[in-house]
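The numbering of the sequence shown is UniProt numbering, which starts it at 1 and goes up by one.
Misleading hints may appear alongside valid ones.
What the hints assert, rightly or not - Straight-line C-alpha distance at most 27 Å; calculated DSS-like pairs for lysine-lysine:
(1) Lys548 / Lys537
(2) Lys338 / Lys537
(3) Lys548 / Lys338
(4) Lys504 / Lys516
(5) Lys517 / Lys537
(6) Lys469 / Lys413
(7) Lys118 / Lys147
(8) Lys517 / Lys435
(9) Lys504 / Lys537
(10) Lys235 / Lys358
(11) Lys22 / Lys235
(12) Lys469 / Lys435
(13) Lys504 / Lys490
(14) Lys548 / Lys509
(15) Lys51 / Lys118
(16) Lys413 / Lys355
Claimed, not checked - Beta-carbon label-pair distances, calculated as ranges:
(17) Gly263 / Glu57: 46 to 52 Å
(18) Ala246 / Lys504: 45 to 51 Å
(19) Arg337 / Lys504: 45 to 51 Å
No lab work stands behind these hints: they were computed from the structure. Each residue gets a CB set at the ideal place from its N, CA and C atoms; glycine is no exception.
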Amino acid sequence: MTRYFEVQQRDGAARIGKFLLKEDIRTPYIIDTRSLDKSESPIIDGGSLWKYPSLEEAKDHLREIRQKAGEDSLIILPHQDLTPEAPRNLTIKMAEGAEEIQDAGATGAIYIPGQQVKEHDLYVMEGVGCFENNARNLLSLLFEIKKDIAPDTAIYAPNIATPENLAMLIYLGIDVFDNTKAIVAGHNDIYLTTAGQFYLDSLAELPCRCSACSSTDLISLREMDKKGRAEILEKHNINAMEAEAALVRERIRAGTLREYIEGQCRMHTWLTALMRLADDEYNFVESQNTIARNNTLVATCGESQNRAEIVRFAKRIQERYTPPASDVLLLLPCSARKPYSTSNSHWKFINALGKSRKFVHEVIITSPLGIVPRELELTYPAAHYDTTVTGYWDAEERGWVASCLENYLIQHKYTSIVAHVEDAYRVICEMVAEKLGIDIIYTSLGNVSSPESLKSLSNTVSELCTGRKRSHEQTQKDLMKAVSDYQFGKGSGEILVPEGSTVKGPFPKHQIFVGKKQLITLIPQYGTLAITIEGAKALVGQGRYIVKIDDFVPRGSLLAPGVIDADPLIRPNDEVIITGERAIAVGRANMNGDEMRRSSRGVAVDLRHVKKLE
1 MTRYFEVQQR
11 DGAARIGKFL
21 LKEDIRTPYI
31 IDTRSLDKSE
41 SPIIDGGSLW
51 KYPSLEEAKD
61 HLREIRQKAG
71 EDSLIILPHQ
81 DLTPEAPRNL
91 TIKMAEGAEE
101 IQDAGATGAI
111 YIPGQQVKEH
121 DLYVMEGVGC
131 FENNARNLLS
141 LLFEIKKDIA
151 PDTAIYAPNI
161 ATPENLAMLI
171 YLGIDVFDNT
181 KAIVAGHNDI
191 YLTTAGQFYL
201 DSLAELPCRC
211 SACSSTDLIS
221 LREMDKKGRA
231 EILEKHNINA
241 MEAEAALVRE
251 RIRAGTLREY
261 IEGQCRMHTW
271 LTALMRLADD
281 EYNFVESQNT
291 IARNNTLVAT
301 CGESQNRAEI
311 VRFAKRIQER
321 YTPPASDVLL
331 LLPCSARKPY
341 STSNSHWKFI
351 NALGKSRKFV
361 HEVIITSPLG
371 IVPRELELTY
381 PAAHYDTTVT
391 GYWDAEERGW
401 VASCLENYLI
411 QHKYTSIVAH
421 VEDAYRVICE
431 MVAEKLGIDI
441 IYTSLGNVSS
451 PESLKSLSNT
461 VSELCTGRKR
471 SHEQTQKDLM
481 KAVSDYQFGK
491 GSGEILVPEG
501 STVKGPFPKH
511 QIFVGKKQLI
521 TLIPQYGTLA
531 ITIEGAKALV
541 GQGRYIVKID
551 DFVPRGSLLA
561 PGVIDADPLI
571 RPNDEVIITG
581 ERAIAVGRAN
591 MNGDEMRRSS
601 RGVAVDLRHV
611 KKLE
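My request is simple: use the sequences and hints to build the entire structure.
So this is what it looks like as structure tokens:
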């Protein structure tokens with residue numbers, strides 16, 4: 001049970017938290033290494049067991065530390081230090097004695113792989129500094145810790161942080177660091193920056209204007225004695241780390257840390273490796289990522305298409321999406337403006353289709369999302385991404401988009417497929433058509449927006465759709481069903497948009513009613529659904545996106561300690577249903593389902609509607 005640490009804000013695995021100690025400490029936090037043995041420090045290292053002749057003396061020393069520091073300091077319990085290369089069975093055996101050491105206040109402990117985890121407020125990745133430049137081993141240790149400890153527990157990575165790598169380490173979910181490397185670098189005439197390290201004698205000028213750098217100049221700094229020079233460099237290096245930590249906290253608040261680390265990781269090859277290997281751990285990374293966010297998803301490099309939000313969108317189209325009943329598929333290019341239907345090019349396509357439009361199923365081809373069915377063009381991230389437009393798609397990009405289209409056409413059969421595309425879009429369509437042995441009708445005559453091409457599109461679709469009937473309301477219902485399935489899983493659309501229901505409200509503010517009872521509303525901001533109590537009652541039988549509570553009626557917010565169980569499918573910002581013996585409620589998740597079950601602090605769900613059960 002975490003008593004002294006609370007996560008307050010998240011951006012993927014990165015988070016801003018707070019230690020409730022003698023002074024409130026915001027994380028990500030950088031400890032001054034030199035203060036770790038001082039009783040007035042909010043975080044104190046209890047020391048190594050190697051220096052004590054007996055365990056009893058270590059316990060006595062811990063009691064002395066606690067008496068001096070008070071109950072509102074966090075003490076890292078005395079520990080048996082071994083290198084990460086030590087055999088695991090030896091490490092566990094050596095740590096058995098340390099398990100007897102207990103303390104009633106805020107505590108931290110060295111994480112021992114394979115040892116049963118006890119309840120602490122902070123866990124130390126002992127020896128993690130050995131894994132600098134070894135991305136695979138660092139991630140292996142970090143993910144093992146994440147699986148073992150409570151999700152609202154802080155992780156401390158000592159002797160590894162620099163201004164260059166800090167953002168990436170925070171992105172991976174580490175909360176606490178120290179300034180060891182900054183201090184050591186200063187005493188070795190090394191000048192640290194977010195762009196890497198520089199030896200002082202290699203610089204032509206000081207590239208920083210912090211208080212340390214502005215107090216001198218390069219020539220004066222070089223002429224100082226070693227002690228004076230070390231003090232200035234040490235102060236600069238620490239300033240650079242603190243400034244980077246502050247910037248990363250702002251990025252977390254804005255929900256744009258991924259965009260930042262995609263650029264920052266280029267400063268060193270091992271940082272790029274960390275990002276790529278972390279992306280390969282899709283289940284872990286995706287579970288931490290919000291289902292939707294306010295800001296634009298900016299995709300500027302090849303790794304962007306491996307982002308959890310993008311892969312999740314593609315997987316949900318494969319696994320959850322059911323297209324409307326139409327046997328004519330129309331493939332279209334994407335547009336810079338989102339949602340696509342508001343762009344100039346798509347307005348031309350829509351006008352060219354005319355009355356035939358409701359008889360065809362439109363799918364947009366795009367990078368990095370792959371494909372976007374028209375019904376999901378509002379749904380995050382389809383209406384919320386921006387990417388570099390050069391007219392050139394590399395082989396990996398074409399391969400990814402082609403695989404998304406191929407998987408879709410394998411699952412869903414059409415009598416006719418029309419592609420109104422040019423350039424890379426056409427290359428992708430031709431690749432897929434050849435591989436699957438299908439015919440595609442191409443209607444563009446050199447420029448998709450030219451009058452000749454638009455006329456070709458109009459005539460082709462009109463001929464394919466002659467004699468068909470379909471109401472406008474059915475098209476609206478198709479959209480609501482598609483979003484329902486995407487958000488809550490296959491079959492949800494039939495429940496939330498049942499036979500006999502009616503659609504109210506203009507696009508994009510559709511609402512579904514059954515008689516006078518409203519079930520769902522489309523939220524244009526995210527392209528997701530908000531459900532009412534009536535909608536929750538209809539959907540609860542599926543057993544998905546359910547948060548179970550005990551015998552009480554929640555008000556305002558549901559805190560994590562009040563959660564008995566939660567669907568592991570739940571992601572931050574998901575619409576969820578809360579059920580208990582005395583109440584049913586709906587709201588937006590603040591954390592994923594696993595965190596709700598395992599956390600002892602923090603807001604689990606922001607409630608919107610609560611109904612007391614009779």
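Agreement of lysine 548 and lysine 537 with the hint, judged by alpha carbon distance not exceeding 27 Å: holds, 14 Å
Compare the distance between the alpha carbons of lysine 504 and lysine 516 with 27 Å, and conclude whether the hinted pair is satisfied. holds, 11 Å
For the pair supplied as a hint, lysine 413 and lysine 355, is the alpha-carbon distance within the 27 Å limit? holds, 23 Å
What's the verdict on lysine 338 and lysine 537, does the C-alpha distance respect the 27 Å limit or exceed it? Between lysine 338 and lysine 537 the Cα gap is close to 34 Å, so the pair fails against 27 Å, i.e. violated.
Just to be careful, I want the Cα atoms of lysine 469 and lysine 413 compared with a cutoff of 27 Å; is the pair within it? Distance of about 20 Å is within 27 Å: holds.
Can the restraint linking lysine 51 and lysine 118 be considered satisfied, given a maximum Cα separation of 27 Å? holds, 24 Å
Please work out if lysine 235 and lysine 358 have their alpha carbons no farther apart than 27 Å. With Cα atoms ~66 Å apart, lysine 235 and lysine 358 exceed 27 Å; violated.
Confirm or reject the claim that glycine 263 and glutamate 57 have a C-beta distance inside 46 to 52 Å. For glycine 263 and glutamate 57 the Cβ distance comes to about 51 Å; the hint holds.
Next pair to validate is lysine 118 with lysine 147; report whether the Cα-Cα distance is within 27 Å. Given pair lysine 118, lysine 147 holds - Cα atoms ~13 Å apart, limit 27 Å.
Does the alpha-carbon distance linking lysine 548 and lysine 338 stay inside the 27 Å limit? violated, 37 Å
Using the beta carbons of arginine 337 and lysine 504, state whether their distance is inside 45 to 51 Å or not. violated, 27 Å
Hint check: lysine 504 vs lysine 490, CA-CA at most 27 Å. Holds or violated? Holds, because 23 Å separates the two Cα atoms, which is no more than 27 Å.
Checked against the numbered hints given earlier, this structure breaks hints 2, 3, 8, 10, 12, 14, 19; the rest are met.
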